[in-house]
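Chemist: Chain order of the listed sequences is A and B. Here the first sequence stands for residues 1 to 350, numbered as in my numbering. Here the second sequence stands for residues 351 to 610, numbered as in my numbering.
Calculated from the structure, these hints are not laboratory results. Any given hint could turn out to be false.
A few chain B residues facing chain A, derived, Cβ under 8 Å [stated by the list, open to error]:
#  : residue
1  : His367
2  : Pro377
3  : Gly379
4  : Ala400
5  : Leu402
6  : Lys423
7  : Gly430
8  : Pro436
9  : Gly441
10 : Leu442
11 : Glu446
12 : Tyr453
13 : Pro454
14 : Phe519
15 : Leu522
16 : Gly539
Lysine to any residue pairs mimicking SDA-like chemistry, simulated, CA-CA at most 25 Å apart [what the hints assert, rightly or not]:
#  : chain 1 : residue 1 : chain 2 : residue 2
17 : B       : Lys540    : A       : Asp242
18 : B       : Lys404    : B       : Pro436
19 : B       : Lys404    : A       : Val251
20 : B       : Lys404    : A       : Ala154
21 : B       : Lys404    : A       : Ile335
Ideal Cβ placement from N, Cα and C applies to all residues, glycine included.
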Amino acid sequence: MSTAQLSKPTGTPAAPPSGRGTVARVLGFPLLAALLLLVLVASTAFGAADIEPGVVAESVTHFDDTNTDHLVIRSLRMPRAITAALVGAALAAAGAIMQGLTRNPLADSGLLGIEAGAALAVMVAVLFLNIHSLSGFAVFAFVGAGVSGALVYAIGSMGRGGPTPIKLTIAGAALATLFASVTSLLAILHPLSYNQVRFWMAGSVAGRELELIAQGAVYILVGLSLAILLGRQITTLSLGEDLARGLGLNVLWVKLLAALAVVVLAGTSVALAGPVGFVGLVAPHAVRFFVGLDYRWIIPYGALLGAIFMVLADVVGRVVLRPMELPVGIMTAAIGGPIFIYLVRAKVKR
Amino acid sequence: MQTFHAEQLSLGYTAEHIIDALDLQLPVGKVTALVGPNGCGKSTLLRGLARLLKPQGGAVLLDGAAIHSLPTKQLAREIGILPQSPVAPEGLTVRELVAQGRYPHQHWFQQWSAEDEQALHSALQLTKLESLAERGVDTLSGGQRQRAWIAMTLAQETNTILLDEPTTFLDLAHQLEVLELVQHLNQQGKTIILVLHDLNHAARCAQHIVALHRGQVIAEGAPQDVIVEDVVRRVFGVESQILRNPVTGQPMCLPIRLAQ
C-alpha cells in the first residue's frame, strides 16, 4: 500500500500488501463463531421466567424431565435460539446474493417482494383455506416466496436484454408493494382472522415446533451450501453481466442457481419466522467493511453475522419490556435501522 | 490464434437485423478499428464477435470453429472483451478488479496461484497501475479507471482483446493515454479490435479500419485507403478534406460541412 493511501483517514487499519481484509478474513471466523455461541447461550439464559445460570447449565449436563425450568429451557428457549440463528443466517445469505446479483446495495428479500409474497400467501391460507397451524403457515409461506420469486424473475426478464438488475429491482419493488397492499386489504376486510396472524406478520421465532425447525434447518443448510458454492461466481457477476460473460461465466446458470438459493433461504426463513426485515440488508453490508467485496467471504461471514444479529435481537426483544415480549421482526428493524444509518454515514464520510 | 472472421453473420436484438449477412476478416496481430456513425451497428458487431450476442444467422469463427459452440470459459482464454462504460462495485480496489480477470483460468475452490499473481502483476505493470493497486476504482481519474479495466482484460491473458469505445467520456489527455496503451499492447503481440467514434483516433492507432454504415461494411483496409473523402461522405454524411498528419504521416479528416 502506498504512503498516500496510508495517510488517508480511512478509519480502518491499513490492508496488508497481499490484499485487503486478510486479517479480518482469518480472525473473522473464530471471532464470529464465538460471538454466535455467546448470544445462543444468552438466548437460553434470559427469558420471561427467571432461571439461575446454574440451572441453565444443569439442563444441558443433567437434564431432568420433571424439572419445569429444565423443560422451559429444552423445549422453549433452545429451539427458539436455534430458529433465530437459522433464520438470521438464511436472510443474510439471501440478501448478500441479491445485492450481488442485482448490483443494488439495497436489495434483500424484503425489497424484492419475496417476503411480501410469502406473507400474502399466509394471509390467503388463513382467510380462505382455514389454515391455523404454524406448520400450515410454513408451507404457504414457502410456496408464496417461490411464486413471488418466479414472478419477479419473469416480469424482470421481459423486454430487451433479459433480466437486467434494474428491471429485476423495479419488478421486485412493484410486486412487493402490490402484495403488501392486497395483504392490508384482506386484513381490513377480515379483522378477526387477521388477529390470528398478527404476531406472525410482525416476525417471531417463539413457539416453533421441533419438527418444523428440523425441516427448516435442512432447507436452510442446503440453501447456505449452494450460496457459499456460488460465491466466486457472484463476485464476478457483480462486475456486470457482459463482463462476467466475457470472463467465461455461464451467466444464465449462475443466475438460476442463485435465484433458487434465494427462494429456498428466504422462503424457509419466512416459513419459520414470518417476514423479518433488515437482517438481509445490514449483515452483508457490515461484513463488507471487514472482508471486502468478495462474495466467497461475504456470504459465509454475512450468514454468521446475520445469525448473531437475529439471536441478539430476539434476546433484547424479550428483556426490554419484561414481562411483555416484542416480536423479533420489530427488534431487527429497531436495532438494524440505526446501525444501517451509521454504516452508510461512516461510508459516506470516508 | 490463426484466423478470426465473421461469416454471413446476422445480429440484432429483435427480428430486425442490425448486422445482416456480414462477411469480415479480422487481421491477427493488428489493431483493427470499427468506425461509423451512431447506430451503424459497430458496437453490436463487437458484441457479436465477443459472443455476448448470439448470432441470428451465420457465425463468428475462431480458427475455423464457431465461437458460440465453444465452451465459454475456453473462449475467455482466447478473447477478452471490455464492454462500453463498465461500472465497478463501489469500493472495489484496482487489485481486486484486475484479479477478476483470472476467472477463466480458475476452477471451483482453486486457490490463487503463483501464475495468477504473475499475470496480475504484469497486467498492472503494462498499464502502469502498480502504485494505484490498493486504491478504489471509483476514486481514480477517468483515464486511470479505463486503464484498470483494460488491466483486468490483460490479466485474462488472451491473444485478442476487444474494446467497446474505450475513449468515450474521456478528456483529450486521457484519450491519448488509452490510445497509447492500445498501441503498446499491440507491440507486445496482442490482436486488438476496438470501436472508436473518432476517425483521427482510428487513423492514429489502427493498422486496419472497418467503416460501417447501417450494418454494412462500406470500406475496409489501411487508414490511407479507408479515410478518404468519398468514404467519409458515404459513412458519416459529411463533406471533408483529408489532410496528412505532419507528425505521423497518417491521414487526418477535417470535416467541412454536412453532405447534401
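Chemist: Given Pro436/B was flagged as interface, is its beta-carbon under 8 Å from a beta-carbon of chain A?
Modeler: holds (6 Å)
Chemist: Do the numbers back the hint for Pro454/B, that is, is its least Cβ distance to chain A under 8 Å?
Modeler: holds (4 Å)
Chemist: Under the criterion of a CB-CB separation shorter than 8 Å, is Pro377/B in contact with chain A as hinted?
Modeler: Violated, because the Cβ-Cβ distance from Pro377/B to chain A comes to roughly 21 Å (cut-off 8 Å).
Chemist: Next item in the hint list is His367/B. Is there a CB on chain A closer than 8 Å to its CB?
Modeler: With Cβ-Cβ at 15 Å, over 8 Å, it is violated.
Chemist: Is the shortest C-beta separation between Glu446/B and chain A less than 8 Å?
Modeler: Cβ of Glu446/B sits 7 Å from chain A, so the hint holds.
Chemist: Is the interface hint for Leu522/B satisfied, with its Cβ closer than 8 Å to some Cβ of chain A?
Modeler: Violated, because the Cβ-Cβ distance from Leu522/B to chain A comes to roughly 26 Å (cut-off 8 Å).
Chemist: Is Lys404/B within 25 Å of Pro436/B, Cα to Cα?
Modeler: holds (21 Å)
Chemist: Once the shortest beta carbon distance from Tyr453/B to chain A is found, is it less than 8 Å?
Modeler: At about 4 Å, which falls below the 8 Å cut-off, the nearest Cβ of chain A leaves the hint on Tyr453/B intact, so it holds.
Chemist: Report holds or violated for the interface hint on Lys423/B, using the least CB-CB distance to chain A and a cut-off of 8 Å.
Modeler: holds (4 Å)
Chemist: Let me know if the C-beta of Phe519/B comes in closer than 8 Å to any C-beta of chain A, holds or violated.
Modeler: Since the shortest Cβ distance to chain A is 16 Å, the answer is violated.
Chemist: Have a go at the Leu402/B hint: is there a Cβ in chain A nearer than 8 Å to its own Cβ?
Modeler: holds (5 Å)
Chemist: Does the alpha-carbon distance linking Lys404/B and Ala154/A stay inside the 25 Å limit?
Modeler: Holds: Lys404/B and Ala154/A sit about 21 Å apart, inside 25 Å.
Hint check: violations occur at hints 1, 2, 3, 14, 15, 16 and 21; the rest are consistent with the structure.
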